[in-house]
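Participant: So the chains spell out like this:
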Amino acid sequence: MNQIRSILRAGARATEPTSPRRLGALIGGGALALLGLTQRSKSGLAMAAAGGALVYLGARVDRHPGVLVAQSSILVNCSPQEAYQFWHNFENLSIVMPHLESVTVSSGGRSTWIALGPMGSRIVWDAEIVNDRENESIMWQSLPGSALFVEGTVKFETAPANRGTLVKVEMRYRPRSGAIANAVARMLGKYPNFVMRQDLRRFKALIETGEIPTIEGQTHGPRSKVVAALRVADPTRPIRPESQVREVLNAMRRIA
Amino acid sequence: MKAVCWMGVEKMSVETVPDPQILNPRDAIVRITSTCICGSDLHLYNGFIPTMEQGDILGHEFMGEVVEVGASIRPEKLKPGDRVVVPFTIACGRCFFCERQLWSCCDNSNPNYWIAEEMMGYSPSGLFGYTHMMGGYSGGQAQYARVPYADVGPLKLPEDVPDDKVVFLSDIFPTGYFGAVNCDIQPGDTVAIWGCGPVAQFAIRSAFMLGAERVIAIDRFEYRLRLAEKAGAETINYEQVDDVVQTLKDMTANVGPDACMDAVGMEAHDDSVMYLVDRTKQAMRVETDRPIVLRQCIKACRKGGTVSVPGVYAGFDDKIPMGAFMNKALTMKTGQTHMMRYMKPLLDRVQKGEIDPSFVISHRVPIDEAPKMYKMFRDKQDHCTKVVLDPWANGAKAA
Ligand SMILES: NC(=O)c1ccc[n+]([C@@H]2O[C@H](COP(=O)([O-])OP(=O)(O)OC[C@H]3O[C@@H](n4cnc5c(N)ncnc54)[C@H](O)[C@@H]3O)[C@@H](O)[C@H]2O)c1
Ligand SMILES: [Zn+2]
Ligand SMILES: [Zn+2]
Chain A
399 MNQIRSILRA
409 GARATEPTSP
419 RRLGALIGGG
429 ALALLGLTQR
439 SKSGLAMAAA
449 GGALVYLGAR
459 VDRHPGVLVA
469 QSSILVNCSP
479 QEAYQFWHNF
489 ENLSIVMPHL
499 ESVTVSSGGR
509 STWIALGPMG
519 SRIVWDAEIV
529 NDRENESIMW
539 QSLPGSALFV
549 EGTVKFETAP
559 ANRGTLVKVE
569 MRYRPRSGAI
579 ANAVARMLGK
589 YPNFVMRQDL
599 RRFKALIETG
609 EIPTIEGQTH
619 GPRSKVVAAL
629 RVADPTRPIR
639 PESQVREVLN
649 AMRRIA
Chain B
8 MKAVCWMGVE
18 KMSVETVPDP
28 QILNPRDAIV
38 RITSTCICGS
48 DLHLYNGFIP
58 TMEQGDILGH
68 EFMGEVVEVG
78 ASIRPEKLKP
88 GDRVVVPFTI
98 ACGRCFFCER
108 QLWSCCDNSN
118 PNYWIAEEMM
128 GYSPSGLFGY
138 THMMGGYSGG
148 QAQYARVPYA
158 DVGPLKLPED
168 VPDDKVVFLS
178 DIFPTGYFGA
188 VNCDIQPGDT
198 VAIWGCGPVA
208 QFAIRSAFML
218 GAERVIAIDR
228 FEYRLRLAEK
238 AGAETINYEQ
248 VDDVVQTLKD
258 MTANVGPDAC
268 MDAVGMEAHD
278 DSVMYLVDRT
288 KQAMRVETDR
298 PIVLRQCIKA
308 CRKGGTVSVP
318 GVYAGFDDKI
328 PMGAFMNKAL
338 TMKTGQTHMM
348 RYMKPLLDRV
358 QKGEIDPSFV
368 ISHRVPIDEA
378 PKMYKMFRDK
388 QDHCTKVVLD
398 PWANGAKAA
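Residue numbers (my numbering), protein chains in the order written: chain A, 399 to 654; chain B, 8 to 406.
Mixed in with the good hints, there may be bad ones.
[As the list claims (entries may be wrong)] Calculated cross-link-like contacts (lysine to any residue; reagent style SDA-like; alpha-carbon spacing at most 25 Å): (1) B:Lys379 x A:Thr617; (2) B:Lys382 x A:Ser622; (3) A:Lys553 x B:Lys382; (4) A:Lys623 x B:Gly311; (5) A:Lys566 x A:Lys623; (6) B:Lys9 x A:Gln616.
Keep in mind the hints are simulated off the structure, nothing from the lab.
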């Protein structure tokens, strides 16, 4: 419930100074679409490791990784303005990025980001917008003194011949300690660009259709244990909290 | 509810599973009144398409009554009580591809986009009951189904046309029609169609609708060839001729068919050495498909002609005669059917009495008999052409 309220609040702020009804226009599916989305609630994902077992597995970092970069781009069937408005409210990002538990925006362009690390840990940092060009680009950075240095850039370009908006994102992470480095590496998985591409696909789907496609929670017949394990290892999303540890381990073994 | 579940290769079973629920705001739940087994399901039954999981509910040819809609579906689009037929391709209606009527290439409807992306570069649309690579959506051989983007796909039906006449608007009628459209038929054209299964039967009739002069249909089952003849096609029983390509040559004064259609797909049958090679490779999973018909289509087609491929292929194919394809300047057109282009116009044709699609039905049975029917349809026993399942018959043999 909290989650729902915060998303609606977030939406309202995104399109200041109007009511949540404006949000409907923003995502093209009505504010209720967001309510629907929250059925896929991420609450209780404490045990989660972003990126799923497949990427999680390979993500063990032995040495200090230096800078980790996640970048990707996508063509979205919307105006630069719509894309910009969604992105400008960082709170929206946790809807499309499963490894983000939440982003909370406070006044003055500041925000607090909480990401899911391994073994129920959380990585927290504060950030601020350092460059903001309406409908063109946003650049943000973690505040000095954060456990890790994060720098993000998103650019919105009008595609030719009414083909929508080209959204290009780059996020750079420079952890300040080995432990954080490990956590971040696991959060991003072995293929940070892959994870970013999945995030952008969800973003595109949400903007274009008002929802994120899913089969999570659909009915089906009896599954085998092995199959259940493989499903748990879906590298596009965090390991689900309800999953059995043994299933996860088995899945990892099979995939490795 | 009851649902037909894939429990492994050649293992189908009717299970009691939870009723489907609305998961997204543009979903609807449909109470299914008629549902069919498709030739495409046989590829899954035989285990030739990867990323199936035990417990998957099959079925992508269904119709019924809307019983619930999600919060974003406006009543003028769809509401409980509406009678609908549901297309097997799932499309969002808002992406680049949907806007260009390339419905089966929808960019948003596959939640497992990345799996298909790995194999094909980019993912086509999600499909009902058709592998996790294609979205993993539970299918419609069941009493109820969840239909995503329900304000785009389902076609509302008038009350006065019986299920039998409209249920095939869910796939095979539009698919046969699409196959014929892809033949780019010009006045005077001869179209050769491999396969006389349900898809081909609609393709034959569609080719005539679109102005073909002659249709030559090829299969080995006499009862299916007879059904093709009823529509006005000439036929070749490929087991009774030495060489299909030569026979077509003889039948077309050495010109060749203007268009060749592969309505068979990845599990073509033959008695040549090449067939045994393909079969072995397929069994060893070295080659995913047996492209016997595709090879013949390319070789038989006249210069500058068109090869249309509604038959399903899954992966990799050996010994495609690329030299013939290139040097004869052929065109190939294919794809899962862009359903929403054709459903409404074809419904109109049904209502005008131009065609009665129920001609293709050979068996009507309660859903409980689905596992048996899969085998019968696969082995073409009992003159099986098309099976329609009744999800609500109480296990009793339906008429
Ligand atoms: N593109 C699409 O959207 C779409 C939709 C539905 C079905 N399909 C595909 O269409 C194909 C046919 O479906 P169906 O329901 O008619 O299946 P079916 O199994 O009933 O029919 C296949 C027919 O091909 C015949 N055949 C096999 N080998 C042959 C050969 N060498 N030469 C000539 N005929 C041969 C068989 O005897 C059989 O009659 C399948 O591959 C199916 O997956 C495609
Ligand atoms: Zn089908
Ligand atoms: Zn689409």
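Participant: The structure should be examined with respect to each hint, and the outcome stated for every one.
Facilitator: Against the structure, the hints come out as follows:
The hinted pair formed by Lys379 (chain B) and Thr617 (chain A) meets the criterion: a straight-line CA distance of about 23 Å does not exceed 25 Å. With a CA separation close to 23 Å, the supplied pair Lys382 (chain B) and Ser622 (chain A) stays within the 25 Å bound. Our distance criterion of 25 Å between C-alpha atoms is broken by Lys553 (chain A) and Lys382 (chain B), whose separation comes to about 55 Å. As the CA atoms of Lys623 (chain A) and Gly311 (chain B) are separated by approximately 53 Å, the hinted pair breaks the 25 Å bound.
Restraint check: the Cα-Cα separation between Lys566 (chain A) and Lys623 (chain A) comes to about 40 Å, which exceeds 25 Å; the hinted pair is violated. Taking the CA atoms of Lys9 (chain B) and Gln616 (chain A), the gap is near 15 Å; set against the 25 Å cutoff, the hint holds.
Hints 3, 4, 5 from the list above are not met by this structure, while the remaining hints are.
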